[in-house]
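Engineer: Residue numbers (numbering that gives the first Met the number 0), protein chains in the order written: chain E, 0 to 575; chain B, 0 to 307.
These aren't lab readings, by the way, just hints derived from the structure by calculation. No incorrect hints appear here.
Ranges between beta-carbon positions, derived for each pair:
#, chain 1, residue 1, chain 2, residue 2, range
1, B, A116, E, A302, 55 to 63 Å
2, B, L133, E, P419, 21 to 29 Å
3, E, R443, B, G49, 37 to 45 Å
4, E, R119, B, S39, 40 to 48 Å
5, E, A568, B, L133, 39 to 47 Å
6, E, G94, B, P80, 57 to 65 Å
7, B, I112, E, D342, 53 to 61 Å
8, E, S444, B, L133, 37 to 45 Å
9, E, E441, B, L133, 36 to 44 Å
10, B, G49, E, P419, 25 to 33 Å
11, E, E93, B, P42, 26 to 34 Å
No residue lacks a Cβ here, since even glycine has one placed at the ideal position from N, Cα and C.
Chain by chain, the residues:
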Amino acid sequence: MLKAPTPEVDTGEALPLLDVRDLTVEFATRRGVVQAVKKINITLAKGETLGIVGESGSGKSVTSYAVMRILDRAGSIAEGSVLFSGLDLRSASEGDMRNLRGREMSMIFQSPRLALNPIRKVGHQIEDVLLEHAQVGNEDVANKAIEVLEQVRIARPKERYHAYPFELSGGMCQRVVIALALACRPQLLIADEPTTGLDVTTQKAVMDLVVELTRERGMSTILITHDLGLAAAYCDKVVVMEKGHVVETSPSETIFKAPAHAYTRKLMRATPRPGITLRDLLPEDEAARARPVAHNPVQADEAPLLVVENLVKEYPRKGVTTSLKKMFGTTPVPESEAFRAVDGISFQIARVESVGLFGESGCGKSTTSMMVMRLIDKTSGTITFGGGDIGAIPARNFATLPQRKKIQMVFQDPTDSLNPRFTAARAIADPLLRLSDISRGELRSKCEELATQVGLPLQFLDRFPHQLSGGQKARVGIARAIALRPDLIILDEPTAALDVSVQAVVLNLLQDLKDSLGMSYLFVSHDLNVVRLLCDRVIVMNTGRIVEQGPTQQVMDAPQAAYTRDLLAAIPHPPV
Amino acid sequence: MTEITTIAPAPVATAATPASAPAPKVENNSIFRHALYVVSENPVTGLSFGLFLLIALCALFGPYIVPFDPLASDTAAALSPPSWKHWFGTDQLGRDIFSRVIVATRLDFIIAITSVALVFALGGFAGIAAGFFLGWTDRIVGRISDTIMAFPLFVLAMGIVAALGNTVTNIVIATAIINFPLYVRVARAEANVRREAGFVQAARLSGNSDFRILFGHILPNIMPIMMVQISLTMGYAILNAAGLSFIGLGVRAPTPEWGIMVAEGAANIISGEWWIALFPGLALMIAVFTFNLLGDGLRDLVDPQRRT
Numbered sequence: 000m001l002k003a004p005t006p007e008v009d010t011g012e013a014l015p016l017l018d019v020r021d022l023t024v025e026f027a028t029r030r031g032v033v034q035a036v037k038k039i040n041i042t043l044a045k046g047e048t049l050g051i052v053g054e055s056g057s058g059k060s061v062t063s064y065a066v067m068r069i070l071d072r073a074g075s076i077a078e079g080s081v082l083f084s085g086l087d088l089r090s091a092s093e094g095d096m097r098n099l100r101g102r103e104m105s106m107i108f109q110s111p112r113l114a115l116n117p118i119r120k121v122g123h124q125i126e127d128v129l130l131e132h133a134q135v136g137n138e139d140v141a142n143k144a145i146e147v148l149e150q151v152r153i154a155r156p157k158e159r160y161h162a163y164p165f166e167l168s169g170g171m172c173q174r175v176v177i178a179l180a181l182a183c184r185p186q187l188l189i190a191d192e193p194t195t196g197l198d199v200t201t202q203k204a205v206m207d208l209v210v211e212l213t214r215e216r217g218m219s220t221i222l223i224t225h226d227l228g229l230a231a232a233y234c235d236k237v238v239v240m241e242k243g244h245v246v247e248t249s250p251s252e253t254i255f256k257a258p259a260h261a262y263t264r265k266l267m268r269a270t271p272r273p274g275i276t277l278r279d280l281l282p283e284d285e286a287a288r289a290r291p292v293a294h295n296p297v298q299a300d301e302a303p304l305l306v307v308e309n310l311v312k313e314y315p316r317k318g319v320t321t322s323l324k325k326m327f328g329t330t331p332v333p334e335s336e337a338f339r340a341v342d343g344i345s346f347q348i349a350r351v352e353s354v355g356l357f358g359e360s361g362c363g364k365s366t367t368s369m370m371v372m373r374l375i376d377k378t379s380g381t382i383t384f385g386g387g388d389i390g391a392i393p394a395r396n397f398a399t400l401p402q403r404k405k406i407q408m409v410f411q412d413p414t415d416s417l418n419p420r421f422t423a424a425r426a427i428a429d430p431l432l433r434l435s436d437i438s439r440g441e442l443r444s445k446c447e448e449l450a451t452q453v454g455l456p457l458q459f460l461d462r463f464p465h466q467l468s469g470g471q472k473a474r475v476g477i478a479r480a481i482a483l484r485p486d487l488i489i490l491d492e493p494t495a496a497l498d499v500s501v502q503a504v505v506l507n508l509l510q511d512l513k514d515s516l517g518m519s520y521l522f523v524s525h526d527l528n529v530v531r532l533l534c535d536r537v538i539v540m541n542t543g544r545i546v547e548q549g550p551t552q553q554v555m556d557a558p559q560a561a562y563t564r565d566l567l568a569a570i571p572h573p574p575v
Numbered sequence: 000m001t002e003i004t005t006i007a008p009a010p011v012a013t014a015a016t017p018a019s020a021p022a023p024k025v026e027n028n029s030i031f032r033h034a035l036y037v038v039s040e041n042p043v044t045g046l047s048f049g050l051f052l053l054i055a056l057c058a059l060f061g062p063y064i065v066p067f068d069p070l071a072s073d074t075a076a077a078l079s080p081p082s083w084k085h086w087f088g089t090d091q092l093g094r095d096i097f098s099r100v101i102v103a104t105r106l107d108f109i110i111a112i113t114s115v116a117l118v119f120a121l122g123g124f125a126g127i128a129a130g131f132f133l134g135w136t137d138r139i140v141g142r143i144s145d146t147i148m149a150f151p152l153f154v155l156a157m158g159i160v161a162a163l164g165n166t167v168t169n170i171v172i173a174t175a176i177i178n179f180p181l182y183v184r185v186a187r188a189e190a191n192v193r194r195e196a197g198f199v200q201a202a203r204l205s206g207n208s209d210f211r212i213l214f215g216h217i218l219p220n221i222m223p224i225m226m227v228q229i230s231l232t233m234g235y236a237i238l239n240a241a242g243l244s245f246i247g248l249g250v251r252a253p254t255p256e257w258g259i260m261v262a263e264g265a266a267n268i269i270s271g272e273w274w275i276a277l278f279p280g281l282a283l284m285i286a287v288f289t290f291n292l293l294g295d296g297l298r299d300l301v302d303p304q305r306r307t
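Chain E on its own, in the form it takes in the complex (with noise of 0.2 Å):
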């Protein structure tokens, strides 16, 4: 029934698996041909794992998008060739591509929840790939899809064949996704971010499971990220990409021991790691300029400036079996229904203090944050900021006090949290407009000192976020925060949605802000090594609860809780 491709195999071992010539791809815009990739030359051996490295924009996921033919129908490929065991990609039909898929390369997207199909079982879904390319009978199918499962290490594969995708977590989606792509046993695996928005220890155990699933089957992988410590951890060539060109090849220990290219060391010097300052993290002509990190030290004498004790949030558990039971009163619902997010935790910050608060996601660090910001009523517990018992406002009539001015918030990701049909100048306005007495006439020139101080140049003031680039977007979201000159400020997550070198200089604009205005940072991350550069303390969470608090270095050198240390092993170390 399938016509299986006939690549010329066996001319000997010097025929690498994947052999990319000249590439270069081209998409049809608006404003006339744009190249994304240009003449880039990789070679991918039997058996290897390479790494494509590169900010966003770079063109490493076009040309895996090449190499699978998956390009979108403004993208063609205008130059060189695609050579998969011997076998002309470009010029191999639709058919034909359609059987290599799943087959001989498959793929791993990088948002595992949206690469499954949400109302479909996970089991179907895998049986749906070794169904199309005729690896099993019909009979035998669903055995074979739970062994695929249980390949990838899903506990309880029976089980898990048929739930929804929705029922399992990001890491277990993950999972599937890996035993999709696996299920046919492909000689090539790309996989495209594949650990992006995962925690740090669920993609230790992602990577690790890639690799050793691939290494035992002799698969090649190509590995792409934005991460170079994650591409030399795992990987054995490392290509590092630059607006479309292959700037880089080198084997991976080469390669972060004697950087060859300008760009590389660029982008080594702006991934945060152990053992560095922030403005080690700035290229060297700007480190050297940048005013030393100055320390306020912090007064023990002096009062406190945010006090949370004991803080509960619980959120009642909403389902069919407890509403039927509670309508008809046939046993009591028992307290333990309450599903609580955040379980009693107590911490201070101190003026000119910042403090980071870390944890995976699910430990309860956003409800936290939330509640200290006041957009969320908490269940007890108190909330107490420069003296007053902010914690028993109700959150909605919170908007307008004018306490709503000392706090304030830098929110993840910087385009969700700018109205898109306000110019920059209109945002960072908003605040001013509504909880100062700024007059109208002052209006401009505040927005332009704003500017000014997070290094936004004035002319994108009358630009809207989708003219803006992320790094812009994050300094209109700084600003807008800054605009009230508030006493503490939450940043939840302010640089995860930017590449290194732009979270960088965002970071150091940050720490400059902090010791010029004076303001007190609650710094939400899941990143380790970010935390460890910007916080003085840091506090860490788990399931609600505050494991570890303690000075940073303290905590980071010699954790004293077991899952400090797990967290801390899981980042992935560099070969250096």
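Chain E is fixed; fit chain B onto it per the hints.
Structural biologist: Frame of chain E; chain B shown alone:
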């Protein structure tokens, strides 16, 4: 960041771009350019914009440009077929059908616009409030629109006009009521998605009250989608008004109105005078067709995916 400074626009846009546009005008300019692009890229969209302009011109200037008085009867020329003098022929009373079709545009257009404006104000507001506040607001608004949808909508409109009286105002009200659920659902869904968006949280932190968030932040963001909805229901409103007139409710003879004219001509088709019903029917069809196509065009215009 280079989008604005390094535009190499398509040839159509060059003429519209002043070389030294001051900074604040950049966005307006690019919307205009974008509109030109959308129109030129898809000829059907261009056609619909053209037809819309034609309809709007007829509505504005129709009574001043028509060759005959739409109400003046000329029994000598009754039931004459299309000719150079009477382009669309004449009806039983010898009135010029071309003039009547053109003059009727204004009435049908006004009914459609006012009813759509009314339902946009009511349904749009109720919908975004329901989607934003949820809880009881949502339940009440939701059940009202469910109740309206439980009726066959045209029969409901007939009932409303029959009960309230045979006037243009009541046609407008009836048309607005039957379109209410459509607006509620679209506005509710769109507001609900944006309720948890980062920029709404940020607006709250900036000290905006719920009311201000609703009108200052959420409404402008869902306006593009509402514009498409408006365009689509415009066609539906015209059809509805004509339908009511056709069955004798609403606008009364001798006022020129497409629905009545089709009704008047229907009896004559069998005796061979096809032009009396055909031309007002065609006008009606073109108007509805235009508004439906315009919806597609507006969607292309406001869809950020199509913008670069």
